[in-house]
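Colleague: Line by line, the protein sequences are chains H and L.
Take 4 as the starting number for the first sequence in our numbering and just add one per residue.
Take 415 as the starting number for the second sequence in our numbering and just add one per residue.
Please note: incorrect hints may appear among the correct ones.
Stretches of chain L that chain H covers, calculated by requiring three or more beta carbons in the stretch to come under 8 Å of a beta carbon on chain H [unchecked claim]:
no.	stretch
1	609 to 617
2	658 to 667
3	676 to 688
4	769 to 778
5	876 to 887
6	895 to 908
Don't read these hints as lab results, they were simulated from the structure.
Note that CB positions come from ideal geometry on N, CA and C, so glycine has one too.
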Amino acid sequence: MKTARSMKDNGLSLLTIGKSFILLSGCFLYFWLWVNPTLIFQTQEPVFFSSNRFLLEHLTWPGGVVEYLSALLGQFYYYPAAGALVLTMICWKASIAMGWLYSFFKPVKANYIFLVIPSILLLGLSSLYTYNLSFSIGLLITLFMFNLLLKGAAGIPAIRPLLFWILAIVNYYLAGGFVILFILLYIIYLLFHYKKLFDILAVLLVIPAPWITAQYLAYISLHDACFTHLPVKGFTVISVLAWSLWIYILAIMFIGWLMQRRSAAAAGKEPARYLLALKNKTLAGIVQISILLLLIAGVILSTGDSLVKSLLTTDYLARHHQWQQLLDYQTGKSKSSLYEVFETNRALYHSGKLLDEMFAFPQNWGTNSLFLTTQFSELSLLHNSDLDYDLGYYNGSLHWVYEAVSMRGETGFNLQRLALLHLLKGEKNSARRYLSSLHNTIPFKKWAMHYLAIMNNDSLLQIDPELQDKFTRSISQDFMNYQSNPEANLINILQADPGNKMAFEYYMAACLLNRQWGTIVKNIPVFRQMGYTNLPFHIQEALLIYMAQNRINTLDVSDYSMNIKIKTQFSAFQQLMSRFRNKTEAQTSMYESFRHTYWYYALYPPVQPNSAAGTR
Amino acid sequence: MKNFIIYMVFALVVSLAALFGCGGKNINIHHAAIIDNLPAIDPDYTDIIIPPNIAPLNFRIQQAGAGYYAKIYSTAGDTIKVAGKGNKILIPEKAWKTLLTANAGNELLIDIYIQGKDGAWSRYKTITNRIATQKIDSHLAYRLINPAFNYWSKMGLYQRDLESFKQTPILVNRMTEHNCMNCHNFGGNSADRMLFHMRAGKGSGMMLYRDGKLVKVNTATDFNAAGAYPSWHPNGNLIAMSVNKLQMFYHSVAEPRDVIDFKSDLIIYDINANMVTSNPKLADPDYMETFPNWSGDGRYLYFCRAPKLENYILPENGGEDLAYDRILYDLARVSYDPATGKWGELEVVVNAQEINMSVIIPKTSPDNRFLMFTLSRYGSFPIYHSFSDLYLLNLESLECHKLECNSASTDSYHSWSSDSRWFVFSSKRRDEVCSRPFFSYLDENGHASKPFLLPQKDPDFYDTFNKTYNVPELFNGPVQVSPQELVRVAHNQKKMLKAELDPALKGNKQDNTESTLYQQAKR
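Isolated chain H (complex conformation) (with noise of 0.2 Å):
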C-alpha cells in the first residue's frame, strides 16, 4: 500500500488527487447528463461487429485500429452511463499520458493545469455529436508511444534513433495521420537533444513511409490513411478544437524542454522550476481553480448547440416510438428544423392527432416535412425508410434503408430495419442474415436473439409487439415508385391498399399543406369509409375556408357534422381579418389569435427553403 510520502515522491499528493477526482466527477455528470452519449449514438451510430472477421478487415490498414478501438468504444454510447464513462476515461487518460510526458521535464515541474488542458480540450470535442472518437483515440495512442521512445531514448541513447523509427511505423499503423504528430514531437525533442545525423535521418526515413505504404502494401489511399482521422474538412468548431489540441501540445513540450535546458544551465544556483509558479500556495489554488472553471466554462460554451440537441432529443424520440414525450418536447416551439417538423407529424399521426393537432406546430416546411424524399442527405435516408415502413410500403423501406447502408454502413439501426422488413415480406433467409450480424453487435445483441428465436414461429411473429400491425398492411399490387414524387406514391399505395389510414391522413395532410381544399371535399367520403366518426378538426377548417372561397353555405360532408366551435372560430377568424386592409397588416393580430388554426397557415404559408442544409 502505498504512503502518503510514496506518493508525494511519485508526484500524486491528496491535493492533487482530490482535484482530479472532482475534476472527473463533475466531467462524469457533465457527459452524462448534458451531453447524454446516447444522442451521440444517434448521430454517428457506430457500425461496431464482435467477429474475427470485422476485426481482421481493420488490421489490413494504416489507422485500422483506431478505427476498431473507437467503433468498440463508441458502442457504449448507447447506454448514456457507460458512454459518460467512456468518455470521462478518454479525458482522464490524457491528463495521464501528459503527466507521463512531464515526468521526462525534470527538475522542472509543470502546474497541474498544464496536465488537464487537454483533457479539457477533449471534453469540449467530446461533446460534440459529430465529433469521432477516432481523434481521441488516436491521440492517446501517440501519447503513449512517444512516452515509450523517451523511457527507451533516455534508457539506452544509442538506440534512440532506430528506436524512434520503429515507433513511428508502428504509430503509424495503429492511428495512421497521428504519425504526424508523433514525428513533430521528436522533432521539438530533437531541438534540445540533438546528438548525432543519425537522429535526422531516422526522421527522414519515417515521412516517407506513408507513402511507401499506399504505393505498396497497404489497401488504402495515402489521403485517406493520413487525414481519414484527422478534421481536415473545414473551419469548424472541431477542427479549431482539435488543432488547438495538437498546438497546446507540441508548444508545452517545447517549453518544457526549453526550461529543462534553461534549468540546467543555472543547475546549483536556483530550485526546480515551475511552470505557472506562484509563491502563494492560497492564491496559486485560486489562479487554478478560476483558469480551470474559465476554461471549462468557454470550452462547454463554444461546444454547445442547443438546435442541434434539439434534434437529436426529438430524433431519439422518434427511433424508440416516444411520441408523446416527442410531442410534449416540441410543444410551443413556433419555428423547428426540417427533420423535427418531420418526427413531429409522425409523432402525430402515430398518436392519431394529426389531422386534429398538425397546425398547432410549426409547418414550417409545407410537404417537404411530411416526405423528406425531396431533400437527399446522408441524415433523411433512415428517416424516409422510417416513413415508408409505417405505411406499411415495405420495397420503399428496403429502398430507403439499403441507401442508408450505402452512405451509413451496416448501423445497428439499419440492420434492425432490414432484418424487420424481410421478416414482413416473408425472406426470413434474408432476415437471418441480418438478425445474425445483430447478434455480433453490443447494444442489439438481446434485440436479435429475440427474433432469431421467434422469426420461425409466424403465430408468435404475428403478435409482436413490433410487427403484429405491420402484417396486415402489406402491398400485393406492384406499381412503380416515384422517387421525386411522394404523393403519386400515396395515391398509389391507397389503390393498392385503400384501407391504409396512415396513406390516406398523409395525402390528406399533404393536401392541407399544399390547399388543394377541392381534393379534400372529394375526399370526405373517404373518411365515412375509413370510420371516422368525426371530421378532424383540420379539415373542417379547410372545409370552412373552401365554402368561403367558393361562396357556397351548404356541402355534402358524408352526414358529418362540423363542429360549432369550429364555426364560431372561424367567424372569429373572418371578422379579425376584416379590421385590415390586407393580410400583411392582419398577420400579428392573426397570429396572436389563430396561429395554431390552419386558417392562419393558409392565409401565411410559410417560405420553404430551397434544401435542408441550413436546417442544422
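Start from chain H and add chain L according to the hints.
Modeller: Chain L in isolation, oriented as in the chain H frame:
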C-alpha cells in the same frame, strides 16, 4: 513482482492442462448406432461433383448433438478424421489436398457421427460425392458490394484462390477515392489478359492488362460512351463491349429493384490499333444490342438484341407509360473472319418472341460446343429477377435446355472454366438479396451437376456476410498486377490512352454521355 511471476506460472500450467485435457477427449465411435438418413449439413455438400483442386469443403452439421465427428475418405490414401469444433467440421487443408489429388475420378465419402446427450454416438448415412478428374480454374474474381440501389460507397474487386481460402483484393475503392469498379473480365481465362472498368472520379476508364503491360484506356469516342459487358476475342486483340443507357426503377412488391436499358449498341475495341469500331449489324439504330460474347473459336460474335425502346411506349396515358415487361431480347450472332476482319450476316439464334422469354448474358464455352445464357421473363437485368434461370444451347444442334443446377430463386451471371467442364454462376438461393457463387460440373452431354457453394474456412461465414458477390469470373490466376500498381496507372491521367474512332464511323456522332445506373454516395 515475485508473487506476480508465481501467479503467471500457475495460470500457464492450468491453461495448458485445460488445453491438453480437452484435446485428449476420447471419441469412441466404434459402436455407433446407424441412422439411415443423410445428415443435414450446411452448406449442402451432398451428392455433388467437386474439382480435385478445390479448397476443403468445411461445413456444419445442423442436427443437435453433444459432439460431432466426421471421417472423410476415398479409394486411395488416408482417411481424414475430424472432431467437430462445436458443430463445425473444419477439414485440414493439407490432408484434404492429398486425398483429392490421389482420388481424382473417385468417390469422396463422408461419414458423420453425432453424439447424443447420453454420450452414445450415431453414424448417419454416408455422404457420397464425386471428385472429377478435371480441375477448375484456380481463381475466382468477383466484386463485393452492398446490395445496391441508387448509391454505392464501399466496394472492391477481389480474387479468391479456389485451392485455398485466400482472398486478396484486385483493387478496392478505398484506394481510388471510393469510385465504382466493375466489368472485370479475363481473356481466355488467363490472368495475362485482364480488364475492368472504373467509373466516377479521376480513375475513370478501362484498366487493361495484357501480357505484362498495364494501361488505362478511355473507350469513349464521338460515336460511343465508355463500354461495358466486355468479351475478349480469343486472339487477345479485340474486345467487344456494349454501350448502354441503364436506369433503375422500383417495384412495390417482390424484388424492389429493376433496370431498364434505354439504348444500347455494340462496339469493338482493337487493342493494337487503339481504335473503336462498330458495324451496322452491331449498332443498328432500330435495335438495342447488348451482352456481346465471342465464340470459343472467335468466328462469331454472339449478343442479345431487342427492338428499340420506342416500340414499347404505350399510347395510353399520353405516351408516359412504357411496357418494360414486354421487352424481350433475342440471341443473335454475326459471323466474323479474324483473318480479314470482315463481318458476315446476322442470324437470330434464339427468337425471344417465339419462346416469350428474354435471352441475356450469352457465354460460349471455351471448347465452342455450348452457349450458356440466362432466360428471364423480360428485360436485360436478370439478377433482379427471381425467375431467371440458366439454359444451355448446344451450338451444333442449336437445341437448348434448362440446366439442372437452377433453383426457384435467381440464377444468373455465369462464367466458364477454361476446360469447359466447370462453370460458376450467381445464385440467390441462400437468401433473397445477396448473390453467392455456386459451382457446377457440366458433363459431355451438357448436363449440370448439383451445384455447390464457394467454400469458406468458417462455415458460418455466409450467416453474417451482407455483401453480394457480383459478376463471378473464373480464371487461372492470380492477377499479375498489384492493387497499388493499378492505382498508379489509374490515377495517371497523362498516360491514359484515348481510343481513336474508326475513320469509317467518323461523323456518326451519337449521345456518348455515361450511363448512371448507380451513383456515388456523398461522403
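Colleague: Hints broken by the structure, by number, lowest first?
Modeller: 1, 3 and 4
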